[in-house]
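Peer 1: Sequence:
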Amino acid sequence: VFCQIIALPEIVEAVNSVDPAIEVYIDGGIRTGYDVFKAIALGARAAFIGRPALWGLTMGGADGVAKVLSIIKQEFTEAMIHAGLSNPDQITASSLVKKTY
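Numbering-wise, full-length UniProt numbering puts 78 at position 78 of the sequence shown, and it's gapless, one number per residue.
Check each hint, because a few of them may be wrong.
Unchecked claim - Listed next, the in silico SDA-like pairs over lysine to any residue satisfying Cα-Cα at most 20 angstroms (straight line):
hint	residue 1	residue 2
1	73	63
2	73	100
3	98	34
It is worth saying that the hints were derived from the structure and are not from the lab.
Please put together the full structure from these sequences, using the hints given.
Peer 2: In structure tokens form, the structure reads like this:
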């Protein structure tokens, strides 16, 4: 798990206390569709995906980027299916299982 997501719930809470209409986005550390799912569940409106797209570009040009984004979309869809959800608007913090080690 990446560091940015650990602080996300507190950031969302602080922003919402000022103005609930302000959307929170996350950037950095997002590598998979599962990461996107987690970020949304913890309050982000969206997650930016830079590095995986660059990996795809490096390995296969535009087709590589399309392939990487397709994989991320599939992973996100799988996460939704595993959570029993049919629409991203249904994702909430209760969609996650918290593990402590």
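Peer 1: So, for every hint listed, does it hold in this structure?
Peer 2: Here is how each hint holds up against the structure:
1. Distance check on the hinted pair: residue 73 and residue 63 sit about 15 angstroms apart at the alpha-carbon level, within 20 angstroms; holds.
2. Distance hint between residue 73 and residue 100 is unfulfilled; the C-alpha atoms sit about 28 angstroms from each other, more than 20 angstroms.
3. Among the hinted pairs, residue 98 with residue 34 is consistent with the structure: their alpha-carbon atoms are about 14 angstroms apart, no more than 20 angstroms.
In terms of the numbered hints stated before, the structure departs from hint 2 and from no other.
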